[in-house]
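Chains as they are written, first to last, in numbering that gives the first Met the number 0: chain A, 0 to 154; chain B, 0 to 75.
Rather than coming from a laboratory, the hints here were simulated on the basis of the structure. Where a beta carbon is used, it is the ideal one built from N, C-alpha and C, also for glycine. Among the hints, erroneous ones may be present.
[Stated by the list, open to error] Pulled from the structure, derived: some chain B residues nowhere near chain A, Cβ distances all over 10 Å:
(1) Glu6
(2) Asp8
(3) Ser30
(4) Gln32
(5) Val33
(6) Val44
(7) Glu48
(8) Glu57
(9) Glu60
(10) Glu64
(11) Gly65
(12) Lys73
[To be verified] In silico lysine-lysine, DSSO-like type, Cα no more than 30 Å apart, as pairs:
(13) A/Lys91 - B/Lys67
(14) A/Lys92 - A/Lys49
(15) A/Lys91 - B/Lys45
(16) B/Lys23 - A/Lys87
(17) A/Lys87 - A/Lys48
(18) A/Lys48 - A/Lys93
(19) A/Lys47 - B/Lys23
(20) B/Lys23 - A/Lys48
(21) A/Lys49 - A/Lys87
(22) B/Lys23 - B/Lys73
(23) A/Lys3 - B/Lys73
(24) A/Lys4 - B/Lys73
(25) A/Lys87 - B/Lys45
(26) B/Lys23 - A/Lys11
(27) B/Lys75 - B/Lys23
(28) B/Lys45 - A/Lys4
(29) B/Lys45 - A/Lys88
(30) B/Lys75 - A/Lys3
(31) A/Lys4 - B/Lys23
(32) B/Lys45 - A/Lys3
(33) A/Lys91 - A/Lys48
(34) B/Lys45 - A/Lys92
(35) A/Lys4 - B/Lys75
(36) B/Lys23 - A/Lys49
(37) A/Lys88 - B/Lys23
(38) A/Lys4 - B/Lys74
(39) A/Lys87 - B/Lys67
(40) B/Lys23 - A/Lys91
Read off the chains here:
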Amino acid sequence: MDGKKLAIIATKGSLDWAYPPFILASTAAALGYETEIFFTFYGLEVLKKKLNLQVTSLGNPAMPMPMPIPVIMQTLPGMQAMMSSMMKKTMKKKGVASVEELRDLCIEAEVRMVACQMTVDLFEFDTKDFIDEVEYGGAATFFEFAGQSDICLYI
Amino acid sequence: MANFDQELDASGLNCPLPILRAKKTLNGMESGQVLRIIATDPGSVKDFEAFANQTGNELLESAEEGGKYVFLIKKK
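The whole structure should be built from the sequences, with the hints applied where relevant.
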């Protein structure tokens, strides 16, 4: 398997969508893939030192709920925070790694993480808020690696 | 049960942690040594097979014992 390459574009910044890029990247690295994730737009959220990722049931009708809650109620203040905290508890109970843990495993396995410089400028992010392992680049940087990749995923 | 050199208890851990922990443990072992892994994740049965196929580490045994899954992997 050595020599294979996986390139991922991570575009989402919610708790649930933080998982696929880090799960796939860490596992690929364990299988011997050289792996790079390019984070763009909301994807940059998962690179922050202090994570406060949320999950929402709004616009997400398939999300399993412990009890049925009418959509109008789901819009109330505090509902998103409550659902996010419940999701985190369930994940912990089920032995699912935290996003921080998976991210650390990716770093340890030398997964290269590139943040989109344009997004940093657009949202006026402070790069001090991101983990130190992040590199910054643009579309051409992504293609330099992705062009030689065996698998390329857009998440 | 065959002999093994190291043991990893991945009970209670869910995908992909059993594989990642196993890989990390194997990294610290010598070629030819055998790692015994205990897991409770039912997905780990197929995953350790796939892990072995792709990494060249040999899956010597995959068994179920009292509701837990036990694997023996020989390092390449």
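For each hint, the structure was consulted:
1. Glu6: Label holds. Min Cβ-Cβ 18 Å, cutoff 10 Å.
2. Asp8: Holds, since 12 Å exceeds 10 Å.
3. Ser30: Holds, since 15 Å exceeds 10 Å.
4. Gln32: holds, 18 Å
5. Val33: B/Val33 clear of chain A: closest Cβ-Cβ about 18 Å, beyond 10 Å.
6. Val44: The assertion about B/Val44 holds, with a minimum of 16 Å to chain A.
7. Glu48: holds, 13 Å
8. Glu57: holds, 14 Å
9. Glu60: Given a closest Cβ separation of 20 Å, the condition holds.
10. Glu64: At roughly 19 Å from the nearest Cβ of chain A, B/Glu64 sits farther out than 10 Å, so the non-interface label holds.
11. Gly65: holds, 18 Å
12. Lys73: The assertion about B/Lys73 holds, with a minimum of 17 Å to chain A.
13. A/Lys91 - B/Lys67: Measuring from Cα to Cα gives roughly 20 Å; hence the hint holds.
14. A/Lys92 - A/Lys49: The given pair, whose Cα atoms are some 22 Å apart, holds under the 30 Å limit.
15. A/Lys91 - B/Lys45: It holds: about 23 Å lies between the C-alpha atoms, which stays within 30 Å.
16. B/Lys23 - A/Lys87: holds, 25 Å
17. A/Lys87 - A/Lys48: holds, 18 Å
18. A/Lys48 - A/Lys93: holds, 25 Å
19. A/Lys47 - B/Lys23: Measuring from Cα to Cα gives roughly 25 Å; hence the hint holds.
20. B/Lys23 - A/Lys48: Measuring from Cα to Cα gives roughly 24 Å; hence the hint holds.
21. A/Lys49 - A/Lys87: With a Cα-Cα distance of about 15 Å, the restraint between A/Lys49 and A/Lys87 holds, given a limit of 30 Å.
22. B/Lys23 - B/Lys73: holds, 14 Å
23. A/Lys3 - B/Lys73: holds, 23 Å
24. A/Lys4 - B/Lys73: Given that 30 Å is the threshold and the Cα spacing comes to 25 Å, the pair holds.
25. A/Lys87 - B/Lys45: Holds, at roughly 26 Å.
26. B/Lys23 - A/Lys11: This hinted pair holds, its Cα atoms lying about 28 Å apart.
27. B/Lys75 - B/Lys23: Holds - the C-alpha atoms of B/Lys23 and B/Lys75 are around 14 Å apart, at most 30 Å.
28. B/Lys45 - A/Lys4: holds, 23 Å
29. B/Lys45 - A/Lys88: Holds. B/Lys45 to A/Lys88 sits at ~27 Å (cutoff 30 Å).
30. B/Lys75 - A/Lys3: It holds: about 18 Å lies between the C-alpha atoms, which stays within 30 Å.
31. A/Lys4 - B/Lys23: Holds, at about 20 Å.
32. B/Lys45 - A/Lys3: holds, 21 Å
33. A/Lys91 - A/Lys48: holds, 20 Å
34. B/Lys45 - A/Lys92: Answer holds: B/Lys45 to A/Lys92 is near 23 Å, not above 30 Å.
35. A/Lys4 - B/Lys75: Roughly 21 Å between the alpha carbons, so the hint for A/Lys4 and B/Lys75 holds.
36. B/Lys23 - A/Lys49: holds, 26 Å
37. A/Lys88 - B/Lys23: Holds, at roughly 26 Å.
38. A/Lys4 - B/Lys74: Holds. A/Lys4 to B/Lys74 sits at ~23 Å (cutoff 30 Å).
39. A/Lys87 - B/Lys67: Distance of about 25 Å is within 30 Å: holds.
40. B/Lys23 - A/Lys91: holds, 21 Å
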